[in-house]
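S.K.: Listed below are the residues making up each chain.
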Amino acid sequence: MRVMKALLVLMLAVWASTAGAAEKEMKVGFIYVSPVGDAGYSYSHDVGRQAVEKMEGVATSYVEAVPEGPDSERVMQNMARKDFDIIFATSFGYMDSMVKVAKQFPKIAFLHCSGFKMAENMGNYFGRMYQPRYLSGMVAGAMTKSGTIGYVAAFPIPEVIRGINAFTLGVRSVNPKATVRVVWTKTWYDPATEKEAGKSLLDVGADVIAQHQDSPGPQEAAQEKGVYSIGYNSDMAAFAPKAHLTAPVWNWGVYYVKVVEAVKKGTWKPEAAWPGMAEGVVDLAPFGPMVPKELQDKVNAEKAKIIAGQQKIFVGPIKDQSGAVKVADGVVMTDPELLGITWFVEGVVGTTK
Amino acid sequence: MTSQIIIALLAAAVQSGTPILFATLGEIFTEKSGVLNLGVEGVMILGALAGFVVARQTGNPVLGFFAAGLIGGLAAAIHGVVCLWFQGNQVVSGLALTILGTGLANYLGTAFIGMAAPGFAPVAVPLLSDIPGIGPIFFQHDVLVYVSYLIPPAMWLFFARTRFGLGLRAAGEYPAAATAAGLNVLAYRWLGIVGGGFFMGLGGAYLSLAYTHLWTTNLTGGRGWIAVALVIFAFWRPGRAVFGAYLFGGIMALQLRMQASGTQLSSSILLMLPYALTVIVLVLSSWRKRTSDAPASLGINIAPAE
Chain S
0 MRVMKALLVL MLAVWASTAG AAEKEMKVGF IYVSPVGDAG YSYSHDVGRQ
50 AVEKMEGVAT SYVEAVPEGP DSERVMQNMA RKDFDIIFAT SFGYMDSMVK
100 VAKQFPKIAF LHCSGFKMAE NMGNYFGRMY QPRYLSGMVA GAMTKSGTIG
150 YVAAFPIPEV IRGINAFTLG VRSVNPKATV RVVWTKTWYD PATEKEAGKS
200 LLDVGADVIA QHQDSPGPQE AAQEKGVYSI GYNSDMAAFA PKAHLTAPVW
250 NWGVYYVKVV EAVKKGTWKP EAAWPGMAEG VVDLAPFGPM VPKELQDKVN
300 AEKAKIIAGQ QKIFVGPIKD QSGAVKVADG VVMTDPELLG ITWFVEGVVG
350 TTK
Chain P
0 MTSQIIIALL AAAVQSGTPI LFATLGEIFT EKSGVLNLGV EGVMILGALA
50 GFVVARQTGN PVLGFFAAGL IGGLAAAIHG VVCLWFQGNQ VVSGLALTIL
100 GTGLANYLGT AFIGMAAPGF APVAVPLLSD IPGIGPIFFQ HDVLVYVSYL
150 IPPAMWLFFA RTRFGLGLRA AGEYPAAATA AGLNVLAYRW LGIVGGGFFM
200 GLGGAYLSLA YTHLWTTNLT GGRGWIAVAL VIFAFWRPGR AVFGAYLFGG
250 IMALQLRMQA SGTQLSSSIL LMLPYALTVI VLVLSSWRKR TSDAPASLGI
300 NIAPAE
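Same order as they appear, the protein sequences are chains S and P.
Residue numbering for the first sequence is 0 to 352, as defined by numbering that gives the first Met the number 0.
Residue numbering for the second sequence is 0 to 305, as defined by numbering that gives the first Met the number 0.
No wet-lab data here; the hints were simulated from the structure.
Honestly, I wouldn't trust all of these hints.
To be clear about the criterion: a stretch of chain S counts as covered by chain P if any three or more of its residues have a C-beta under 8 Å from a C-beta of chain P, and this derived list gives those stretches [said to hold, decoys possible]:
id, stretch
1, 174–186
2, 191–205
3, 211–222
4, 342–350
Incomplete in silico selection of chain S near chain P, CB under 10 Å [claimed, not checked]:
id, residue
5, Ala-38
6, Tyr-42
7, Gly-56
8, Ala-58
9, Ser-60
10, Val-62
11, Ala-64
12, Glu-67
13, Gly-149
14, Pro-155
15, Pro-157
16, Ala-237
17, Phe-238
All of these numbers come straight from a predicted model, not from anything done at the bench.
For glycine and all other residues, C-beta sits at the position ideal for the given N, C-alpha and C.
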């Protein structure tokens with residue numbers, strides 16, 4: 000018993016000490032849903048935080064692995080009481096807690112990632128990840144030999160469905176007969192399950208594995224089978240150097256620095272921000288050595304079009320899985336439509352249920 | 000489905016069943032001595048972390064594997080201290096061990112997330128792996144899977160044919176009689192707890208050293224709890240644990256493959272399958288009154304020596 004007690008006290012002491020902050024002019028706090036070492040989603044946000052840290056007169060601190068729900072509210076309140084000037088909460092499930100805390104601390108700027116709620120001092124933001132996903136789909140479509148591409152995906156929510164659709168449109172732009180098979184894992188981060196999902200796709204003949212998951216599990220599965228993979232979040236080449244073709248990646252620093260500057264100048268206003276490749280918030284990771292030069296050039300040309308605003312990706316005619324035209328010829332899907340998308344485009348094998 | 004896909008599915012069943020098998024065998028070993036340890040999940044995850052860290056630091060996955068067993072035994076010893084020394088409630092102590100183990104592993108392991116460590120790669124067994132059907136299913140895995148084949152018969156021999164095994168079972172069935180016969184029941188229960196923890200730790204290491212070569216928070220993902228249920232499914236027999244673990248691993252692998260082959264069934268329903276199976280198994284085994292196969296003194300602390 001005494002040993003257990005001592006251990007508990009020690010754990011509490013160490014845990015409490017992680018929530019410290021330096022004293023400088025401006026304090027910016029970040030809240031992450033997973034540990035920053037995950038090489039995935041939270042890692043990409045933390046790279047953004049480090050860009051803010053380098054700014055003149057700004058100090059940052061973060062709390063990692065904060066569960067969504069009541070715990071996150073406590074963490075936000077704690078930061079707010081310590082006079083933080085800006086708080087970024089980077090997971091969907093923090094939304095309602097942030098709305099609550101934002102009301103109690105009207106002088107602090109609150110920013111919530113991937114949600115849809117706003118308040119007088121709270122904005123939300125996300126990135127147009129579907130743009131680089133389209134480009135990564137082009138790479139996958141050109142590199143597949145079997146015509147079957149596997150996609151390990153977390154949850155059937157609009158963010159993920161939008162990504163699969165953009166990816167498939169990219170695949171079919173270069174390989175009209177290819178199909179994208181989707182397996183849901185119903186988890187963001189479970190390397191064992193994700194790897195098994197990747198293997199199940201390899202078993203049905205997929206020879207490129209893409210993912211909307213935060214662990215490199217599917218990358219490992221592809222490398223072991225000797226086929227190709229498309230990463231996500233950050234450059235995952237280190238986990239599967241022989242398989243990794245490229246990856247749609249986050250580059251949050253650009254956006255975070257801009258927001259912090261605006262708050263400093265007093266020009267910040269809450270908004271629903273959805274920056275994309277043009278702003279540099281999302282990008283494509285460097286190509287692996289197995290991607291032919293011509294294909295790289297082709298994808299880079301398309302990237303330039305996206306940045307210039309000439310390639311909107313979700314432009315009709317777009318058919319759904321049954322072959323019915325969902326988006327008429329020449330019509331561009333609006334942002335609200337994209338944010339609420341719940342159906343798969345033609346070429347996806349799987350169900351959104 | 001073609002036969003090739005079925006063979007791939009069965010091979011996947013063996014692999015995804017292996018971590019559960021190690022943990023189930025560990026829990027059987029512990030429960031045979033009369034101690035219920037609900038801390039499997041916590042012990043497993045500490046084993047997974049220990050295995051990963053040691054393999055990374057020494058560059059030797061075999062050392063990592065054994066370190067995982069040792070740390071597993073050590074973690075389970077906390078349960079021993081509470082239940083054997085202080086006569087604490089076994090259910091509460093086990094639950095606490097799960098929470099403590101998960102929290103401790105997640106905290107200590109934060110620094111290792113996203114790092115690479117050497118692990119075990121598949122090695123085909125000569126001759127055996129060439130047998131059609133059987134070969135690819137059972138003999139084209141990593142070494143740890145082959146190790147897991149040896150444990151159930153060894154454990155069965157231990158329980159049925161050795162003095163220590165009989166003593167351990169006596170401690171779980173009728174500790175008073177065992178004491179009267181001159182056995183040190185407390186020592187046997189310590190053996191049950193620490194020995195069981197050793198296997199649970201190995202199960203965790205399988206996840207971080209062979210199944211994936213990664214460490215992350217919550218790597219075990221509830222597999223420890225499945226092991227607890229499988230002990231009842233196996234009627235406390237090591238041989239049946241193999242069947243249960245592979246059945247369970249098979250259903251996990253099957254639901255992913257059904258999705259991959261383009262089923263229109265909702266993934267939520269498919270993901271329920273393994274857990275629905277757990278419930279069905281528990282209902283069936285209690286309906287057939289096979290729970291009476293449980294060690295008679297399971298979960299009952301022995302009175303301290305006067």
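S.K.: With reference to the structure, classify each hint as holding or not holding.
M.R.: Right, here's what the structure says about each hint:
Under a criterion of three residues with beta carbons nearer than 8 Å to beta carbons of chain P, the stated coverage of the stretch 174–186 of chain S is upheld, 7 such residues being counted. Using a Cβ-Cβ cut-off of 8 Å, 11 residues of the stretch 191–205 of chain S lie near chain P, which meets the minimum of three, so the contact claim holds. Counting residues of the stretch 211–222 of chain S whose CB lies closer than 8 Å to any CB of chain P gives 4, which reaches the minimum of 3, so the coverage claim holds. With 3 residues carrying a beta carbon less than 8 Å from a beta carbon of chain P, the stretch 342–350 of chain S meets the three-residue requirement, and the given coverage holds.
The interface hint given for Ala-38 of chain S is met, as the beta carbon of that residue sits about 4 Å from the closest beta carbon of chain P, less than 10 Å. Hint on Tyr-42 of chain S holds. Least Cβ distance to chain P is approximately 7 Å, under the 10 Å limit. At its closest, the beta carbon of Gly-56 of chain S sits 30 Å from a beta carbon of chain P; the interface hint therefore is violated under the 10 Å criterion. Interface restraint check: Ala-58 of chain S against chain P, minimum CB-CB distance 22 Å, threshold 10 Å, status violated.
At about 16 Å, the closest approach between the beta carbon of Ser-60 of chain S and any beta carbon in chain P exceeds 10 Å, and the interface hint on this residue is violated. Of the supplied interface hints, the one on Val-62 of chain S is violated, with its beta-carbon coming no nearer than about 12 Å to a beta-carbon of chain P, more than 10 Å. Because the beta carbon of Ala-64 of chain S sits about 7 Å from the nearest beta carbon in chain P, less than 10 Å, this interface hint is met. Proximity of Glu-67 of chain S to chain P is violated relative to the hint, the smallest CB-CB distance being about 14 Å (cut-off 10 Å).
A least Cβ separation of about 7 Å between Gly-149 of chain S and chain P falls short of the 10 Å threshold, and the interface hint therefore holds. Of the supplied interface hints, the one on Pro-155 of chain S holds, with its beta-carbon coming within about 7 Å of a beta-carbon of chain P, less than 10 Å. Hint status for Pro-157 of chain S relative to chain P: violated, with the closest Cβ pair at about 16 Å, above 10 Å. Look at Ala-237 of chain S: its Cβ gets to within about 7 Å of chain P, closer than 10 Å, so that hint holds up.
Interface restraint check: Phe-238 of chain S against chain P, minimum CB-CB distance 7 Å, threshold 10 Å, status holds.
Hint compliance for this structure: hints 7, 8, 9, 10, 12, 15 are not met, and every other hint is.
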